[in-house]
Amino acid sequence: MKETPLSNCERRFLLRAIEEKKRLDGRQTYDYRNIKITFGTDYGCCIVELGKTRVLGQVSCELVSPKLNRATEGILFFNLELSQMAAPAFEPGRQSDLLVKLNRLLERCLRNSKCIDTESLCVVAGEKVWQIRVDLHLLNHDGNIIDAASIAAIVALCHFRRPDVSVQGDEVTLYTPEERDPVPLSIHHMPICVSFAFFQQGTYLLVDPNEREERVMDGLLVIAMNKHREICTIQSSGGIMLLKDQVLRCSKIAGVKVMEITELIQKALENDQKVRKEGGKFGFAESIANQRITAFKMEKAPIDTSDVEEKAEEIISEAEPPSEVVSKPVLWTPGTAQIGEGIENSWGDLEDSEKEDDDEGGSDEAIILDSIKMDTGVGISNIGSQDAPIVLSDSEEEEMIILEPDKNPKKIRTQTISATQEKAPSKKSVKKRKKKRATN
Amino acid sequence: MAMEMRLPVPRKPVSESLGRETKKHLVVPGDTITTDTGFMRGHGTYMGEEKLIASVAGPVERVNKLICVKALKTRYNGEVGDIVVGRITEVQQKRWKVETNSRLDSVLLLSSMNLPGGELRRRSAEDELAMRGFLQEGDLISAEVQAVFSDGAVSLHTRSLKYGKLGQGVLVQVPPSLVKRQKTHFHDLPCGASVILGNNGFIWIYPTPEHKEEDAGGFIANLEPVSLADREVISRLRNCIVSLVTQRMLLYDTSILYCYEASLPHQIKDILKPEVMEEIVMETRQRLLEQEG
Numbered sequence: 001m002k003e004t005p006l007s008n009c010e011r012r013f014l015l016r017a018i019e020e021k022k023r024l025d026g027r028q029t030y031d032y033r034n035i036k037i038t039f040g041t042d043y044g045c046c047i048v049e050l051g052k053t054r055v056l057g058q059v060s061c062e063l064v065s066p067k068l069n070r071a072t073e074g075i076l077f078f079n080l081e082l083s084q085m086a087a088p089a090f091e092p093g094r095q096s097d098l099l100v101k102l103n104r105l106l107e108r109c110l111r112n113s114k115c116i117d118t119e120s121l122c123v124v125a126g127e128k129v130w131q132i133r134v135d136l137h138l139l140n141h142d143g144n145i146i147d148a149a150s151i152a153a154i155v156a157l158c159h160f161r162r163p164d165v166s167v168q169g170d171e172v173t174l175y176t177p178e179e180r181d182p183v184p185l186s187i188h189h190m191p192i193c194v195s196f197a198f199f200q201q202g203t204y205l206l207v208d209p210n211e212r213e214e215r216v217m218d219g220l221l222v223i224a225m226n227k228h229r230e231i232c233t234i235q236s237s238g239g240i241m242l243l244k245d246q247v248l249r250c251s252k253i254a255g256v257k258v259m260e261i262t263e264l265i266q267k268a269l270e271n272d273q274k275v276r277k278e279g280g281k282f283g284f285a286e287s288i289a290n291q292r293i294t295a296f297k298m299e300k301a302p303i304d305t306s307d308v309e310e311k312a313e314e315i316i317s318e319a320e321p322p323s324e325v326v327s328k329p330v331l332w333t334p335g336t337a338q339i340g341e342g343i344e345n346s347w348g349d350l351e352d353s354e355k356e357d358d359d360e361g362g363s364d365e366a367i368i369l370d371s372i373k374m375d376t377g378v379g380i381s382n383i384g385s386q387d388a389p390i391v392l393s394d395s396e397e398e399e400m401i402i403l404e405p406d407k408n409p410k411k412i413r414t415q416t417i418s419a420t421q422e423k424a425p426s427k428k429s430v431k432k433r434k435k436k437r438a439t440n
Numbered sequence: 001m002a003m004e005m006r007l008p009v010p011r012k013p014v015s016e017s018l019g020r021e022t023k024k025h026l027v028v029p030g031d032t033i034t035t036d037t038g039f040m041r042g043h044g045t046y047m048g049e050e051k052l053i054a055s056v057a058g059p060v061e062r063v064n065k066l067i068c069v070k071a072l073k074t075r076y077n078g079e080v081g082d083i084v085v086g087r088i089t090e091v092q093q094k095r096w097k098v099e100t101n102s103r104l105d106s107v108l109l110l111s112s113m114n115l116p117g118g119e120l121r122r123r124s125a126e127d128e129l130a131m132r133g134f135l136q137e138g139d140l141i142s143a144e145v146q147a148v149f150s151d152g153a154v155s156l157h158t159r160s161l162k163y164g165k166l167g168q169g170v171l172v173q174v175p176p177s178l179v180k181r182q183k184t185h186f187h188d189l190p191c192g193a194s195v196i197l198g199n200n201g202f203i204w205i206y207p208t209p210e211h212k213e214e215d216a217g218g219f220i221a222n223l224e225p226v227s228l229a230d231r232e233v234i235s236r237l238r239n240c241i242v243s244l245v246t247q248r249m250l251l252y253d254t255s256i257l258y259c260y261e262a263s264l265p266h267q268i269k270d271i272l273k274p275e276v277m278e279e280i281v282m283e284t285r286q287r288l289l290e291q292e293g
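Protein chains in written order, with the UniProt record's numbering: chain A, 1 to 440; chain B, 1 to 293.
FYI, nobody ran anything at the bench for these hints, they're computed from the structure. Heads up, a few of these hints could be off.
Have a look at the derived ranges for each label pair, beta carbon to beta carbon [claimed, not checked]:
1) A/Lys277 to B/Leu7: 39 to 49 angstroms
2) A/Asp25 to B/Arg248: 25 to 35 angstroms
3) B/Glu4 to A/Leu331: 48 to 58 angstroms
4) B/Glu4 to A/Ile316: 46 to 56 angstroms
5) B/Ala229 to A/Cys9: 45 to 55 angstroms
6) B/Glu232 to A/Pro88: 43 to 53 angstroms
7) B/Lys273 to A/Leu6: 44 to 54 angstroms
Just so you know, these numbers come straight off a predicted model, no measurement behind them. For every residue, glycine included, the Cβ atom is placed at its ideal position computed from N, Cα and C.
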């Protein structure tokens, strides 16, 4: 599918927001999104999540004959694929430009920097060497693929264990993982790419652009660095003209970010190592939390709340008093209270009034439970505001169920319990007809 | 600032519209429509194992011996004479590419576009170079479908003064199957705003211009600030259209107007709440039924 074009309004909005140093998700200019690294059961398999961008990395190895001009070195092979589930615009034939660019960048970052010792991958010079293959799949595209991919690649390589080999004279023995523990690759350093997006011809810059920001950016600068502050690769695309001091500043920022990310990677690798040694459960089933569709949770984003108090006071002082005053609850009998009056029945002739009742009952948020498995005949209508305590004593029924919005109903047999409901009745429930829950 | 929190509620199925005589035969991809081999198969069906099987989801339509399935949610399929609202995505040599929510980008040829001032002359090389002055990437236009190519791509034209670049307003994107085919798609609603119901599902709501500008031909975009009253009317219309779409009602000027009137007692932002949506759409349905018979 072709990408839906961004409307002019949205483009202008994003650019104006960036001019005012505001980002859509509340981050600061130099902030990265949350990075999460999870490992699979196999060695060399990992998923890296940079915000919502997800990349899956898998390393595998094979014994092959070496290249003719490099007889004593192993072979490295990198491959990044943009899966169709990453974005609607990714189709089997369509993504060539972006794909080529990302692959080239990754190769330069990992191969030319010599982060992996290829000499150690040699088994028999001129005949057998290890071919290490890194496959990266983009699972979800929310901006900044290159950073996530580079982190995934280096983490997968650090996590990977190749089978042990021993050479005795002419004999080469390849040990299975059961016979001898697999051996990690020898990695000199960890190069990590950091992306900088530029807007308005280089006036404003953002680190770790997300998908919307990438659409409106003018140009992109990618710096690959390791924690020893050595630059491995630098690439500027988009045709923007950068000043010398801008590039220097970006490299300093990249240095700081790379330190943080490298620490995170070390910690993640150590954790996984510990879990495997102790014999605990590892793998994606454990590390990727169950995402239930009914639990809608946003990750916490750090937001500057220093001026919130003044703003709130301003608003309160200027705002008019609320128009509708909620009347005090009237306590009919212990356990039954009423707030306000129900409105007149405005439906006229009802053909199926029962169905109406049920429908209304189902859509009331204050009391969610559909199947009313109550044994009692207590009519509980909109119960109390914050001030009125509910006295549940002297009930004729034996069992009484208190319905609270979030918790399960608890059956109470005891007498005086004053429970204060935290949730104030919404205006909407006052307008609705008074509800009587009768046992059916 | 008021804040409202709600818990997730089970979504209610869109109720069948009251008073439909025959229940429609709905199928999903893979469903058998009929095992009778006497029928000719139309769009949305295929023959497999001696049975006629549906390949899209929607109601089955039968005309004598032809069986076809009309898909509920598709991209826009162009027909000659349709009014569409589209967004310019590319400026190419002698033509513009317009995005109209169809499978392929639509094409607006330079020769199908009205020159400012309504001149009729052969397009020269200077016109070609000045193309970007007329329409740029990101602009919205209203146009009519002139022809449909063999691959399904649509060729547009703006050869009338009522078509052209759109100025200030609100765009609502709805499924194309919900826009009713009518004689005219440009409506001046009595509530104070005008609406263009594009057949491709793009609906454009804009403030009614005071006087019709005959000479401009739709190129000068009116960028004067829109008054607050107009803005409120437009926002309310937009929310009404969104609520009609969630309840899968056909969109045409009468239904939008009735929905607008039904929503007047509520605040504009309340219209998007599920209960209020159901209420006003139910009222709209009743009024439409009364009006029909």
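Consistency of the hints with the structure:
1. A/Lys277 to B/Leu7: 39 to 49 angstroms: holds (44 angstroms)
2. A/Asp25 to B/Arg248: 25 to 35 angstroms: For B/Arg248 against A/Asp25, whose Cβ atoms are near 33 angstroms apart, the range 25 to 35 angstroms holds.
3. B/Glu4 to A/Leu331: 48 to 58 angstroms: The hinted range 48 to 58 angstroms is violated for B/Glu4 and A/Leu331, with Cβ atoms some 28 angstroms apart.
4. B/Glu4 to A/Ile316: 46 to 56 angstroms: This hint is violated: roughly 18 angstroms between Cβ atoms.
5. B/Ala229 to A/Cys9: 45 to 55 angstroms: violated (21 angstroms)
6. B/Glu232 to A/Pro88: 43 to 53 angstroms: Once the Cβ atoms are compared, 35 angstroms apart, the range 43 to 53 angstroms for A/Pro88 and B/Glu232 is violated.
7. B/Lys273 to A/Leu6: 44 to 54 angstroms: For B/Lys273 and A/Leu6 the Cβ distance comes to about 29 angstroms; the hint is violated.
In summary, the numbered hints that this structure violates are 3, 4, 5, 6 and 7.
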